[in-house]
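**Student:** Protein chains in written order, with the numbering used here: chain A, 465 to 649; chain B, 31 to 194.
Source of the hints: derived by calculation from the structure; they are not laboratory data. These numbers come from a predicted model, not from an experiment. Ideal Cβ placement from N, Cα and C applies to all residues, glycine included. It is possible that some hints are incorrect.
Computed Cβ-Cβ distance ranges for the label pairs, DEER-style [to be verified]:
#1 A/Thr610 - B/Arg178: 43 to 51 Å
#2 A/Val648 - B/Thr160: 35 to 43 Å
#3 B/Glu114 - A/Ala599: 31 to 39 Å
#4 A/Pro495 - B/Arg118: 50 to 58 Å
#5 A/Leu471 - B/Gly133: 35 to 43 Å
#6 B/Glu114 - A/Val511: 48 to 56 Å
#7 A/Arg512 - B/Gly122: 50 to 58 Å
#8 B/Arg178 - A/Pro495: 40 to 48 Å
#9 B/Gly117 - A/Lys640: 34 to 42 Å
#10 A/Leu471 - B/Gly39: 40 to 48 Å
#11 B/Gly117 - A/Gln550: 33 to 41 Å
#12 B/Gly78 - A/Gln606: 45 to 53 Å
#13 A/Arg647 - B/Glu114: 54 to 62 Å
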Amino acid sequence: MARRRRLHQRLRMRPVRPSDRARLRGWLRDPEVNDRLEDMPLTEAAVRRKMRYYENPAYDDDSLHLIIELDGSPIGLVHYVWQNFQSRTVEMDLLIAAPYRRSMVAFLAMLKAADVAFNELNHNKVYSFVYESNAEVVAIHQRTTTREATLQGQLLRNGRPQNVFIYGLLAAEYRKLRKRYKRVF
Amino acid sequence: MPNPFQELGARDIDELYSIYSAHELFFVDIAGPTRFLTRPEFIDEFDGSRAWVWREQGKTCGYFYFYEMQRANQLANFHLALFEACGRLIPGRVDAIGAAVIGAARSLRITRLQAAALPIEKRRIALLRTMGFKEEGVLRQQFFLRGRLHDLYTFALFESSRHG
């Protein structure tokens, strides 16, 4: 009898394909996703620009965009931006579909995304900008990374300042994390 | 002391790069700190930015610029460099520099300025603090320079109106 695959084994990262276009457009038009993007609100022209950005690696050679799949179905997107090959740092932004945000899937997707940054892209550090109001994402980062800065009222949403946290994870810390979560990862 | 800075126009980009490359060997920024910013990189960084230069008796004493401005969030990244050519910074000069920076930000409706500095840049850190910048955190091992990784301090200066 075939052994049932563990959750992290059912998660896979792959490059963005032209066939993802409709789904990505749908995600970008989702008001909740839109609200989480730094350069909101996204107009149609901005959506087109972002699509070009996702699909064409040559559009910005510092960036990499990967689709996260669970059992072969896309459930999210990870952006690696501002890759700095001298300092070996990269900003990592994770977008996960709503049904999975509070689950173990989101946590494991985060570890998997960090794994790519450290073990495929050879970085020494990943960092993320997280809105204080984004409670699910803050909770995941609190479990796995270190809060390094609080940018007071960095963003204005409807005229109200909103704090943004910078979370960082070093390669050495990631290795310890893998040991700690070896039962699930 | 009157405002010693004069704004540079978009056409003065070569002059600004000359000043930058003559005095600064690394560029400190949260996301993309780098050593030896090339002219194309500098132009890319400077795209849409605004710069002010301070000259005295034919010497360049310093400059500051706002870059990666986000109109919707009323914020900009801030870079300031002062050079030894014009002597030590006396308190009156620091006040004049602070007033010039705040005046420039207000004219552009910017209510939050963000800056970053390496721990070894003690002079820049002291100046930022004197101008009222608050430290917001320390980004660990963020910048590789001279054979090792350095932490990076992040600072911000914001209008009190921004926080009610």
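**Student:** Hints first: check each against the structure and report whether it holds.
**Tutor:** Hint by hint, here is what the structure shows:
1. Checking the proposed 43 to 51 Å range against A/Thr610 and B/Arg178 shows it is violated: the Cβ atoms sit about 20 Å from each other.
2. For the pair A/Val648 and B/Thr160, the supplied restraint of 35 to 43 Å is violated, since their beta-carbon distance comes to about 50 Å.
3. A C-beta distance of roughly 49 Å is found between B/Glu114 and A/Ala599, which places it outside the suggested range of 31 to 39 Å.
4. Under the hint 50 to 58 Å, the C-beta atoms of A/Pro495 and B/Arg118, about 55 Å apart, fit the expected range.
5. Our hint of 35 to 43 Å for A/Leu471 and B/Gly133 is violated, since their Cβ atoms are close to 56 Å apart.
6. Between B/Glu114 and A/Val511, the C-beta spacing of about 50 Å keeps the proposed range 48 to 56 Å intact.
7. Take A/Arg512 and B/Gly122: their Cβ atoms lie about 52 Å apart, and the range 50 to 58 Å holds.
8. Between B/Arg178 and A/Pro495, the C-beta spacing of about 45 Å keeps the proposed range 40 to 48 Å intact.
9. Take B/Gly117 and A/Lys640: their Cβ atoms lie about 51 Å apart, and the range 34 to 42 Å is violated.
10. Checked against the hint of 40 to 48 Å, the pair A/Leu471 and B/Gly39 fails, with Cβ atoms roughly 58 Å apart.
11. Remark: the range hint 33 to 41 Å for B/Gly117 to A/Gln550 is upheld by a beta-carbon distance near 35 Å.
12. In this structure, B/Gly78 and A/Gln606 break the distance hint of 45 to 53 Å, their C-beta atoms being roughly 36 Å apart.
13. Take A/Arg647 and B/Glu114: their Cβ atoms lie about 59 Å apart, and the range 54 to 62 Å holds.
Of the numbered hints stated above, those contradicted by the structure are hints 1, 2, 3, 5, 9, 10, 12, listed in ascending order.
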